[in-house]
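J.: So the chains spell out like this:
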Amino acid sequence: MLLAIDFALLLEKLILVVVVVFASLGIAMYTTFAERKVAAILQDRRGPNRAGPFGLLQPLADGMKLFFKEEIIPDFSSKFLFVMGPALAMLTACMTSAVIPWGDKIDFFGRSVDLQIADVNIGILYVFGVVSLGVYGIMIGSWASNNKFSLMGGLRAASQIISYELAMGISLIALLMITGTLSLKEMVVQQQHGYWNVVLQPLGFLIFLVCAFAECNRTPFDLPEAENELIGGYHTEYSSMKLGFYLFSEYINMFISSVVMATLFFGGYDIPFFDESVLAPNLAAILGIVALMTKVIAFIFLFMWVRWTIPRFRYDQLMHLGWRILIPLALFNMLATGGVILYFNK
Amino acid sequence: MSDHILLPEGSIEKQTTTLNLGPTHPATHGVFQNILELDGERIMKATSTVGYIHRAFEKIAERRPLYQITPLTDRLNYCSSPINNMGWHLTCEKLLNVSTPKRVDYLRVIIMELARISDHLICNSIVGVDSGAYSGFLYVMQFRELIYEIYEEVCGSRLTTNIGRIGGFERNFTNAAFEKLEKFLDEKTGYPAQLREFENLFTRNRIFMDRTIGCGPITAERAMNYGFTGPNLRAAGVDYDVRVHSPYSSYQDFDFTVPVGTTGDCYDRFLVRNQEMWQSLSILKQAYKKVQEFKGAEADIYHADVPAYYLPEKKDVYTKMEALIYHFKIVMGETEMPVGEVYNSVEGANGELGYYLISDGGRTPYRLHFRRPCFIYYQAYPELIKDGMLSDAVITMSSLNLIAGELDA
Amino acid sequence: MDIKAYIILSLVLFTIGIIGVLVRRNAIIIFMCVELMLNAVNLLLVAFSKMHAMSSAAKASTNFASDAQIFVFFIMVVAAAEVSVGLAIIVMMYRNVHTIDVNFLNRLKN
Amino acid sequence: MSIIQIIFLLLSVMAVGSALMMITSKNPVNSVLWLIVVFFAISGHYILLNAQFLAIVNIIVYAGAIMVLFLFVVMLMNLNAETEPIKNRRLQLIGVTSGGALMLIIVSAISKIDVEQLVQINAGDSGLIKVLGMNLFKNYVLPFEISSVLFLSAMIGAVVIGKKEEIDIKK
Amino acid sequence: MARPVQFNNTIKFEGIPEGYMGEGFMATNFEKVVSLARKNSIWPLPFATSCCGIEFMATMGSHYDLARFGSERVGFSPRQCDLLMVMGTISKKMGPVLKQVYVQMAEPRWVIAVGACASSGGIFDTYSVLQGIDQVIPVDVYVPGCPPRPEAILDGFMKIQELVHAEGLRRRHSDQYKELMNSYGIQ
Amino acid sequence: MQALTNKAKQVDRAPMSFIEKMYLPAIIKGMSITFSHIFKKKPTINYPEKTRPFSPVFRGMQILNRDAEGRENCTACGLCAVACPAEAITMEAAERQHGEENLYREEKYAAKYEINMLRCIFCGLCEEACPKDAIYLSETFTPADYQRKQFIYSKNDLLIPHPQENPEAYKKALGNRANKITVN
Amino acid sequence: MLSNEIIQQKLTDKFGDVLTDWHVPYGMLTFTAPNELNLKVLQFLFDDADLKFNFLTDLQAVHYPDNKGAELAVVYHLHNWVDNIRIRFKVFADINQPDVFSATALYQSANFMERETYDFFGVNFVGHPNLIRILNVDEMDYFPLRKEFPLEDQTRIDKDDEMFGRG
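For the protein sequence lines, the chains are A, B, C, D, E, F and G, in the order given. If you number the first sequence the way this note's numbering does, the last residue is 346 and the count never jumps. If you number the second sequence the way this note's numbering does, the last residue is 755 and the count never jumps. If you number the third sequence the way this note's numbering does, the last residue is 865 and the count never jumps. If you number the fourth sequence the way this note's numbering does, the last residue is 1036 and the count never jumps. If you number the fifth sequence the way this note's numbering does, the last residue is 1223 and the count never jumps. If you number the sixth sequence the way this note's numbering does, the last residue is 1407 and the count never jumps. If you number the seventh sequence the way this note's numbering does, the last residue is 1574 and the count never jumps.
Because the hints were derived from the structure by calculation, they are not lab data. Here a beta-carbon is modelled for each residue, glycine too, at the ideal position from N, C-alpha and C. Mixed in with the good hints there might be a few duds.
[As the list claims (entries may be wrong)] Simulated restraints, written as ranges between beta carbons of each label pair:
#1 G:Ser1410 <-> F:Ser1259: 53 to 61 Å
#2 A:Thr294 <-> F:Phe1262: 17 to 25 Å
#3 A:Asp316 <-> C:Ile830: 30 to 38 Å
#4 F:Pro1276 <-> A:Thr294: 40 to 48 Å
#5 E:Asn1065 <-> A:Asp316: 34 to 42 Å
#6 A:Ile325 <-> F:Ser1259: 25 to 33 Å
#7 B:Glu639 <-> F:Gln1320: 57 to 65 Å
#8 A:Ala23 <-> D:Val878: 34 to 42 Å
#9 A:Asp316 <-> F:Phe1258: 25 to 33 Å
With the hints as constraints, model all of the structure from the sequences given.
T.: So, in structure tokens, the structure goes:
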């Protein structure tokens, strides 16, 4: 059965994979630039503006520089694991994009191409699974660095990500109760025809948002790399492109979680207050992608905005927030959602 | 488990991790080394090492005439060097029995309070940075630039000001300096508005409050025993302020309060510093008003009339013999210094900044000792952070406002 | 696939788990071997469920076939519970005696 | 050999190989990582058997949570290769032989039975979440609830055990 | 006491010292591109001990904004940074620490000595102060001033940029460079 | 502790109210503050292209003055070197020879005058110490350079351009103070 | 109200004539105590219900090389916050055996200050919990602030020695 592979489909998917991976890399690259610019604007500064017009070549310069920097592998670290850390971080960051519906179908030389690499029927679980693996890159890298600051960063990352995954999962369950499907594509379709999930699940969205911040190690949850406490946290010992991978994966994670949030709660590629079906399918698809990207950019801006505004938590306060506030809230949200569904379906 | 279990051979009996914070750790803002014994994230023990930028001020001071010591004092607490300068000049004036006109006193008060604000704003915004919020720091730093501009108008330098001379100032305040001061004091666009915004950003933010409340606390008795002075002591609840206790430079003419805290934790220190900035602003306004009240010839007085210690004007040097002689005497450091010893202190940004000057009548001090508040209260740091978390240690460090230059002399 | 292949694979994994338990003295690795053994069983259960599904394809209920997978599900639950308690014990033990060598615990007898 | 067989073989070799690496590597961190590879191989098998839900749950639960915990504990204790004392070679040999013997016995016992049944690959809907869910919440709702109670008690137990006693043993 | 003179326009300036160009090799276009990239992405490691550190804060602040030059990411881990900015007095107690930080940095690395104390000891010609950090590590650019104005720090930073731009990729492997390192007892 | 003064004032340290405990209000308030800064005028000065105005008394690099006829003012009395806390000034005096009156104003002049710019702390004491109107600090900061030896500024580097031989540069050095200059 | 006279009276009542050299330079009561009595005096000043000198403002030493047999003077500055009055007292020690009792038991703040004094002058504070060098490197083998030691670093290369009298 498996031999009967549709090679055209394979090719199509392959191209899509390449496009998506490169697009997310490119977006991540420019997210680093955007972060600097946004930080600058929020702080009454100008930000990088010397590399190329408006400093647009800044990320390229950074990347190039990191590539040509000396690689240092600390003496007593396990070399293999030391290299594997950033690689894993990068890999898991990129893998999530596989199940995201980037847009509707697009007609391409008479062929209807689905703008989604794999419409897995358990899509959201896949996302969840990959996200749960993301911590390995940090942990392995931090352990292999053989540095106490790194190790502490790794430990903080591990406990933080596990703790917040729970609340995230529970808040998702409430969402799943409403949608009744695990497929991301179907969720988007549902939202196209009804309300956005954020209207139905405001609390769930809030919890998910907080957990997404935590999973991406962004302020106020950036304890694993808290620069004033742990120097660089888990990537203290990394130099050159391995460091680049870590920094990059953080931005890819941010991008992907923005996409996931937009898809789950904000209708994905749905254009609000507008019926796409009146448009030509290609145009609709492209507009859909634009809509999705707009939402994503808004989320990324939110990520940065929060980062440059509020202080970070202390380790025990972070745990307190996760276990004593978010999880009970998520449980309550789940129960309430269940109750409401039962009441209306009676 | 009970104690009859023998630990296996070679097992490490130490339960804690040793973490070396510094001397180049970002949290130390200067150079201290703290060796922490951590149990998880909790600090069990801390040992601090200082002296990484020891520069032998006291030895240098024994080789320099009085006026050359002013640049040295700049480099003690470089966040508020004018206070150090003024303190030094006040000490010299006390030794040389020079009394200063009121206008000089008020101008000094202006400069000193500006320095206090610039110091406190750095300290408080660094507390913000160390707790992870960077923007507030950059917002208030813009006003520190304005303070520096005022210094620059008065003395020509931004940070290590070398401002003032024995008996007064090097030159009169220009109009530009007063204009900038007005700009600084403006309620709408000046520092008060910015400070209010800064407070809004932090003081009632739960994350910040959680981070700072109960972090690095000290009781009034312990603080006193440890030799705390300044805002850190006042945060513990003791209203000791040199400006009130032994007023210098006509501080008794001003109306201000001494903000005190209760627990001496980081939050109290933060609030006390913020309040002190408000008080300084109020003093600045009063002082500026008082300075403006001088009219006519009085408005041009910027130094005491002490030709033996204050350099004559350049044009007099070129023309008058007497002035030339004084000029040479002062520059060569051959002013007549009475034999004696004097201790004088001012309220520095960090606490009581004392100068103990022994003169044997020579051209240089026989011995000059600086009472550096940082140095004295830093020894309480291990006690402050004990049983706290690692993050607490960082934030306590910055809220104590430790200035390495002052600490190590 | 032949069911025997799955049986043998699971068996091999299971045996590796047993050998690990017997050979190693590090409590954590022993613990991991137990997890490996549980997984071997899980694999076999899934395989059986699929085997059953084929044989009972004619029969009406597919629920019947997923029973085995539900067992796997429960095993995972038990494993997770076990790990949480077990690791807590190991951490406790490490904290008190500073080793995770299981042989060391023999000395409790004294 | 069909593609399925090739995949099966690859996954099996991966699983067995990494399992062996797991018990032989000196460094506990490496052991943990090899075990994760084993779990991935087993998840691969699940997918091959069209039990996608279990596959992803296996990854989430085992690789994503349990092994992170293991790694966390190993890192917390800062265990290295040197931590484990060298064990008696003879005892190790005995362990390996007895384990091997057990396997041999079972293999020989199984080879006696003549099952000719095939496993359904990549087909059937019994692995789908819908089917599983229906079965779980209809027929197994009581065990499900009991397992949740078990989970809760395990959690409480872990917290109670893990809570630091205030007694200092050095006293 | 108004000064009659406003500017000193007889400013001395010397070019980049020998040994930075891709000596003996044609600087290829590729090399140029890499140098250009490096030039625009210098991540500083502030080794701030005293007064100059405070002026560095001002340099990072809104008025001067070092970030414009692409060096916003101030790292504190020596591994990740390209430019060691030594600001402030380095005492003899601190000297070994400074050297260690330098050794920990990944190539290519540059050093800028900001301020009189770091460059030469400044007014602290005393028993406890290192008379210039070039006694322990090689320095690429000196910035005079005590402390230098932020403009002067930026000026020094741009000098470093020129240096980075001129530096060939092979310089770090040249014998001359190795000799320099050996003279400081590094490696 | 008893109160030592009657000026003490407690800081406001009220416990968190329920709303404050919810994190969000303060976070939103903070975020609105940072957001409002997007629209603020940026104070950044694009340094190499634009410079911030220095104050007229800024203490920058030293300059050795000449009088209106282009004679050097310095008489090598050594007061500046004595006054220098950093001991950065070195000079050698020489007697003015016959026929050099157009070069040096006084009978003695500095044959060698060096300032070690790396040592100099720009405190301005040399300017104050000078009785001959010879050394002034200018509004120019000393530029950075690559080698240590470049920082010994000799007399040629410090002297103001000759007013007659190089009037343009001289005018530039005087800046907008040319009209204020008084000949003594 | 506490005044210098009362303090002097109280101290003389307590210790008799061993406290010498009473004078009041620039308004601060100053006296000298015998070396071995320093802790007793401190204790008295600290404990007395009226004196309440419970803040140690400053502690340092001065080196008088010509004062044979008592070259090192350790100077204490005490402050009574309630009545806002300061006093200063000195104890002298022989440079060959500079033993002075440590005040750390009374004032925590004396810890670093005594270490600094030890570091600079080599005063041996008996009873100090951790009397090691604080500001200088541990390897240093002299006490730099004593008058006979030079200030300058001998490695400085960029200075014309003759110009500054070091040649």
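J.: Next step is simple, just say for each hint if it's right about the structure.
T.: Now the hints, each set against the structure:
For Ser1410 (chain G) paired with Ser1259 (chain F), a C-beta distance near 58 Å keeps the hint of 53 to 61 Å intact. For Thr294 (chain A) paired with Phe1262 (chain F), a C-beta distance near 21 Å keeps the hint of 17 to 25 Å intact. A hinted range of 30 to 38 Å for the beta carbons of Asp316 (chain A) and Ile830 (chain C) is consistent with their spacing of about 34 Å. For the hinted restraint 40 to 48 Å between Pro1276 (chain F) and Thr294 (chain A), the CB-CB distance of approximately 43 Å keeps it satisfied.
Look at Asn1065 (chain E) against Asp316 (chain A): about 55 Å separates their beta carbons, and that is not inside 34 to 42 Å. The hint said 25 to 33 Å for the Cβ distance between Ile325 (chain A) and Ser1259 (chain F), and at roughly 29 Å that hint holds. Remark: the range hint 57 to 65 Å for Glu639 (chain B) to Gln1320 (chain F) is upheld by a beta-carbon distance near 59 Å. Restraint check, Ala23 (chain A) to Val878 (chain D): a C-beta distance of roughly 36 Å satisfies the suggested window 34 to 42 Å.
Between Asp316 (chain A) and Phe1258 (chain F) the C-beta distance comes to about 31 Å, which sits within the given range of 25 to 33 Å.
Consistency with the previously given hints fails for number 5 only.
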